[in-house]
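2 protein chains.
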Amino acid sequence: MPIPLTVGVNAQRFRSTIERSAEVGRGREGGLPRLASSDAGLEVKVDRVGNIFARRSGQDDSLPPVLLGSHLDTQANGGRFDGIVGVMGAFEVARTLDDLQHVTRRPLEIINGTNEEGARFSPPMLASGCFAGVYDTDWAHKRQADDGAVIGEELRRISYLGPEPVGGRELDSYFEPHIEQGSILDAERVQVGTLMHGYSSHGFLAKFHGETAHTSPWSMEKRRNALLAAARLLVEVDGIGWDFAVGGGKATAARLSAWPNKAGILSDWAQATCDMRHDIPKAADVMAERVRRAVGAVASRAGCTADILDHWAWGGRIFNDELISLVRGHAAALGCRHRDLTSQAGHDAYFLARICPTAMMFTPCRDGIAHHNVESAGLEDLEPSLNVLLHRAVSRADRR
Amino acid sequence: MPIPLTVGVNAQRFRSTIERSAEVGRGREGGLPRLASSDAGLEVKVDRVGNIFARRSGQDDSLPPVLLGSHLDTQANGGRFDGIVGVMGAFEVARTLDDLQHVTRRPLEIINGTNEEGARFSPPMLASGCFAGVYDTDWAHKRQADDGAVIGEELRRISYLGPEPVGGRELDSYFEPHIEQGSILDAERVQVGTLMHGYSSHGFLAKFHGETAHTSPWSMEKRRNALLAAARLLVEVDGIGWDFAVGGGKATAARLSAWPNKAGILSDWAQATCDMRHDIPKAADVMAERVRRAVGAVASRAGCTADILDHWAWGGRIFNDELISLVRGHAAALGCRHRDLTSQAGHDAYFLARICPTAMMFTPCRDGIAHHNVESAGLEDLEPSLNVLLHRAVSRADRR
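Going down the list, the sequences are from chains A and B. When the letters of the first sequence are read in order and numbered with our numbering, they come out as residues 0 to 399. When the letters of the second sequence are read in order and numbered with our numbering, they come out as residues 0 to 399.
Hints are computed from structural coordinates only; laboratory data are not their basis. Hints are supplied without guarantee of correctness; some may be wrong.
One copy or two, either will do: identical chains are not told apart, so a pair holds if it fits within one copy or between any two.
What the hints assert, rightly or not - Simulated pairs of lysine to aspartate or glutamate, DMTMM-like, Cα-Cα distance not exceeding 20 Å:
hint, residue 1, residue 2
1, Lys44, Glu187
2, Lys221, Asp242
3, Lys221, Asp59
4, Lys221, Asp97
5, Lys221, Asp185
6, Lys281, Glu187
7, Lys281, Asp135
8, Lys221, Glu187
9, Lys221, Asp366
10, Lys141, Asp59
These figures come from a predicted structure and were not determined experimentally.
Okay, chain A solo, but in the shape it has when bound:
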């Protein structure tokens, strides 16, 4: 039996859940530094890379489940909505169905993907990548944080190295609601954004190798300062971003670490992380190739050698047309102001789209500010999307 369109989620209950969630791991005023695999609790089933699944039984539990969710981890200066809206929104859907005593035909599962942000362990979307078979689980377990912590050991320490196998099971579909992390919906007062595709994105982790020496007597021409090579790469990356800015492209100098990184001594080791994105795949490819060549050039100019340790890429036309139509249809039926959008950031949905039909929708986020403690979304920003989520999940889960 379908649920009437007049029935909606309990937005106030959802809001207090978000507020309660934001009490776990407070940071700067209003913000969250809740890095992956630190202490934050949910339960039910946990797989070997810490993905948490909360399953709600269907009428026929032999059918593949409809998956809803996102991630609970945040950036180091994260806000209280990015990711969390998707997980808590999925819970709100489940609670609403409980209120309605509605059991869907297929089971529903809520997912929290581990280390989506990549703020503590690189790369981002680590556990959803494992779930989709893109990353090897044993490899993932060895990823190391700046403080030397290893994610496999950290998951064990906080009791989230679960017994469940990673992926390898059939899913009916995946729906991920997320704040926009951009200002289009907020500026246009649109309530629901349907994602058509993702910006083509590339990321690089480059390592530079030089030689320590005393800064004072060591002449310019003898120097092999790895810190300088890494700094120069970040500057080059920024220049490439500006070259593509008119078309909406961006390139980011994201992260630099060096050793010994001290006054008085040249560094013999440095790493730089950067990313580049463009709506046009070909443009993103050109940006990436320019950065790849810059890695060698900056190393050479600093008398160093370089390796690209990691290169990740995602985006493109990954979402499922039928599910996109379903989202649009429900948004229209519910009288929401809605529009199509493109995602510029990476999301767990990018990996899940490889193994099941997937759709994402965006909720407005105040001034487009995300990854910042002032990140904000009002109840009125979130409620329309949650009701679309409710109805599209139910219609998908109940279909014959």
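Following the hints, complete the assembly by docking chain B onto the known chain A.
Just chain B, lined up with the frame of chain A:
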């Protein structure tokens, strides 16, 4: 009674002292990461910034002492000679005088200056700067390391926050032997270098303030990435170094830190440390002013603001002509191959020269490599200078 020139130090004993010293805080093969105020012991008198003084009584202890020494701390990838040769060399002088049962007219004091390298706490030469009245002791106590440790508390923890007042007492003179940290003596097979003056040096610690934001949707023109500003400053500094390289000038991109410094987010805070040196004071001043202007320019270009938190400067014609002659004279009398040199690095002697007649001499160091675990000096490299130190210290301490 003077000691005959035929009498020398016990070089073998000195060498085993250096080797014994190198057992405290081993690092990479052959190297030392013995950062200031970690565990390394000497005794006798300790002042309120951890400077250690070992005093050998004279015939007339009311006379100001002749000070000998250097520092025992190392860089993070330091070697076993930089600084250590000066302190252990001074001990070898004292032991030789014990062997000879020679009591000098004035007392001798051996100094170990705390945090000379600045590898753990900034600025370098921190405690000798306090001793000379250049830095305030209470200010110095609050200097903080990357791990949040505060030097005043660390000195207390390792029991080297001494009771003695810092400076404020008369010294007859100061002699500091040190490895060259350059390759001139080694290349020319010269045994003793007499320091004429120090390169004019400037150092800056610049802070940049931006705004965190999600790297994906945030357009290039909205970005205020502090990490990028700091990286760009280091690149600019390097360019200035190359502009002055023909005249022997150098500028160093030494250190960069940022927060959050993570993939996926722009950094709202960054600091960069850089230094610039030139034999010609005017040229060093021009380099420094170019860097000062670059701080504002790179901040502006990255949409950030900047502050110069620290600016240090030293060098010039700081050494005492009479003591320089004394060193030269003893080197000649002992038949050492010697030459005049310029110091390019900072040394505790730079600060002590402000309060008493000071001289430095350099010993050869293999291939000029310093601040590196392969730093090396043979017994034959060190013995001539130690004998010059012995004789010049005695003649200075015994003079009427």
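Verification of the supplied hints:
| no. | hint | verdict |
| --- | --- | --- |
| 1 | Lys44 / Glu187 | neither (40 Å within a copy, 72 Å between copies) |
| 2 | Lys221 / Asp242 | between (33 Å within a copy, 15 Å between copies) |
| 3 | Lys221 / Asp59 | neither (71 Å within a copy, 51 Å between copies) |
| 4 | Lys221 / Asp97 | neither (71 Å within a copy, 44 Å between copies) |
| 5 | Lys221 / Asp185 | between (54 Å within a copy, 17 Å between copies) |
| 6 | Lys281 / Glu187 | neither (29 Å within a copy, 58 Å between copies) |
| 7 | Lys281 / Asp135 | neither (28 Å within a copy, 59 Å between copies) |
| 8 | Lys221 / Glu187 | between (57 Å within a copy, 19 Å between copies) |
| 9 | Lys221 / Asp366 | between (49 Å within a copy, 12 Å between copies) |
| 10 | Lys141 / Asp59 | neither (38 Å within a copy, 66 Å between copies) |
Against the hints set out earlier in the document, violations occur for numbers 1, 3, 4, 6, 7, 10.
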